[in-house]
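Just so you know, the sequences run in chain order A and B.
One point on numbering: in full-length UniProt numbering, the residue at position 407 of the first sequence is 407, and numbering is uninterrupted.
One point on numbering: in full-length UniProt numbering, the residue at position 263 of the second sequence is 263, and numbering is uninterrupted.
Source of the hints: derived by calculation from the structure; they are not laboratory data.
Mixed in with the good hints, there may be bad ones.
What the hints assert, rightly or not - Calculated Cβ distances over 12 Å to all of chain A for the following chain B residues: (1) E113; (2) G308; (3) A431.
Unchecked claim - Listed below are the simulated SDA-like cross-link pairs for lysine to any residue, each with C-alpha atoms no more than 20 Å apart in a straight line: (4) A:K46 with B:Q404; (5) B:K412 with A:E360; (6) B:K375 with A:G359; (7) B:K381 with B:N413.
Where a beta carbon is used, it is the ideal one built from N, C-alpha and C, also for glycine.
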Amino acid sequence: MSVTELRPRTPAETRLIQLAEAQGENENARRPAIEALRREGLPTRKVEAWHYTDLRQLMGKRLGSDDAVEALRESGETLLEPLLQGSAVVDLDAPEAAHLPNGVTGSASAGEADWKTTPNRLDRSIDTVRAMNAAFGAASATIDVAAGTHLDHALELRPATGLKSHAFTTVTIGEKAEATIVERLDGGTTGAPSTGVNMLHVGAGANVLWIVDQEKGLDSSHLGQLSVRLEADSVFRLFVLNAGGGFVRYEVHTDVVGEGADVQIRGVNLLHAGQHVDVTTTLNHTVAHTTATETFRNVVTGGHGVFQGIIKVARGAQKTDAKMACNSLLLSDEGDFSAKPELEIFADDVQCGHGATAGEIDADHLFYLMSRGIPGDQARALLIKAFVAEVVEELEVEAIEDALETRIEAWLEANIR
Amino acid sequence: MPAVQETIDSVRKIDVDQYKYGFETLIEMDVAPKGLDEEIIKLISAKKGEPQWMLDWRLKAFERWKTMESPDWARLDYPPIDFQDIHYYAAPKSMSGPASLDEVDPEILRTYEKLGIPLKEQEVLAGVRKMDEPSEFDEDSGTPPAGQNGQTRVAVDAVFDSVSVATTFKKELEKAGVIFMPISEAIREHPELVQKYLGSVVPISDNFFATMNSAVFTDGSFVYVPKGVRCPMELSTYFRINERNTGQFERTLIIADEGSYVSYLEGCTAPQRDENQLHAAVVELVALEGAEIKYSTVQNWYPGDKEGKGGIYNFVTKRGDCRGDNSRISWTQVETGSAITWKYPSCILRGDNARGEFYSIAVSNGRQQIDSGTKMIHLGKNTSSRIISKGISAGHSNNTYRGQVSAHRKAKNARNFTQCDSLLIGEECGAHTVPYIESKNATAQFEHEATTSKISDDQLFYCMQRGIPEEEAVALIVNGFVKDVIQQLPMEFAVEAQKLIGISLEGSVG
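Extracted from the complex, chain A is given alone in its bound form:
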């Protein structure tokens, strides 16, 4: 038997493994993931999937003292109101206890997140987010929406807080079912990371709207992932709102495997000083006749914003129509934004496009408003709001638009003069 040579660990890596080991429960199930992390360490910028997010360094800054861990044990904030009125709230560490509408079942599965099955195409030999999720012993929850079910109200998924804030959730939407799901990421003002991995299966002809509302505290670190598989003629709509979090990485991977499927991703990232927010997406088109659109709008008054997106069109996936845009409004030299909108195309009869812009508020637009008597500050605020509202309004569900806009406005009020 050969002895595996380990490369030297940084304090952050050692700390992270200590934290994972200190979880206590389900040691045997978690062991392989912990070993994988020990072997591979945390990714640096040299790993292309983490080009703008040096996880090793970021974790180093955030995995501090024992106090942080102690604080974590004690924390246990609870949310009062769901994002959308009437939602059925599902606590991910006890899904069976939730009051679920007809056609929906929730259960806690055997506590073993299978982190090896779908290696992240962007990452190294291990999928970092999933390995961390497994190493920390994520609570596994399974939610099924039966075929043909049309849900009137949303399901709101809430991961546990504190030390147990690691969830592995499998959501299956049956054929021709319709559902709105809110992933609520809140609380967590402490140093240890939280993770959340979601596996969503959208059946043929089904229609899903998934909303990520991330408003975690400034000391928090969160690594999230949403992997979606779309069957024929299904529609998957995603809205990501990042209006908080100290360090956040949210990955979205869609696999379109049925003809006629449609992916619509919209997102708003609001950043101020001290934050690092990274949204990384992979849109994978493997069959012909599928469509996707993706638009992210970023408002940066400080901190580091990252968008990485790739549209992949496999050989034979003819007639794919996929578009991606990332627009950033940089309002201060204190902040920066990095974008990498990639295309990888192996079919010759497709329409694919990507656009990325970065800049400050258009002087012409400002002038237009001011020449009509609107004071400069107000005109600026109006334009920033409009810039963001444009993607929110594409949701075309008034109640949801209102809920999101309220949160966005609160952020803008607090952070923009």
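Please arrange chain B on chain A, whose structure you already have, making use of the hints.
Just chain B now, kept in the frame of chain A:
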């Protein structure tokens, strides 16, 4: 949308099995033993009669290179290169450096004539190709486009394997104060300039291939344009790999002093062989205050055969430094050759108001793999850059655009416009786009556009208002930039290049 027929036909004309420059010149060569070690570097340095400082510089690079690993981040797939299985020096036996044309081996002169690069000055004066001599690309039109007339005068530096065999028009250029000579000669004759600028844009530790080049480079061109001088003619270097199992490692250094202007172009070809040959060049450009450098490349190395056998591995580091205020560097490249292309001509926009441009047409056929693009690093205030890249892949090839645009915190009002279009012909090829956009400055404005309809609404509107149909207007606007530069190419390939630029944008994807 699929590609239009005209485009398919144009690309077919430069398919890998149509390679015209695959012949070999049989000539006695002086070849260094295979392998790379200190002894070989000392041998190269001695052959070139270099001073000690140059040898020390090479050895320092070699020490560094030994600690480096070959980069693997590009979308390129090739077996590991055995760097010890290459001859690092090969020169025609009859000579060890450039001589007057009368002394050049007639075989070599014939080689360049066959390539359409006559080295006899009177022939250059007469133009590369006469007006009434049609190129195979003109069969439908009959008349070659303007700009290809006999008036163009070009000074040529011809590099054959490891040595420069001839440099034309040296005397006339000297009158204007322009220094144009092989770099091996410049190291001896202008050590102060070489020492000051060599490695100042691409440092010896820059990357694996650049570091290797620093250790073993054999020849290349050196250009110095003094203050306020507008170089009286086009400068050109023509690279030819001939010997089997050799690598070509050229080094080019161009310095445009304050307020000067120079336009330079390079061309390259190689014989058709079953083996892969390595070409690892470094090009450094320095533009001081108010200076302008236009650098054009027509890259036509042997691309390998239909099955991907043979062909040149082209690993090139090209970088321009807009060191002074109001300076300008423009890269134009037409890439049709090489089995593998790894090349990112970049601009460091250091001076205030500096401007960088990158125009590229990359066509891949057969089993070719291209990973090419640019970097625009905005450091100075009011700097601007423009990137126009068009990639066309056919056959079983893969064509990747990889580009970075970044604005430093101090780069107030930096502007960038990027457009990259890709076109696929057939179902077996791939086209990829990997842009990196990094803004650290609120006043910087970056636009990366891929959809042709959105390039510039104002310009488009202007054209359409005057009755030009939308598609033509788009082609006009996009190609307008590129044509300016390409029309100046004096080589025979220029006609083909123009045809390529004219290729319809129809069916392109971001």
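**Request:** Any hints from earlier that this structure breaks? Give me their numbers in increasing order, please.
**Result:** 3
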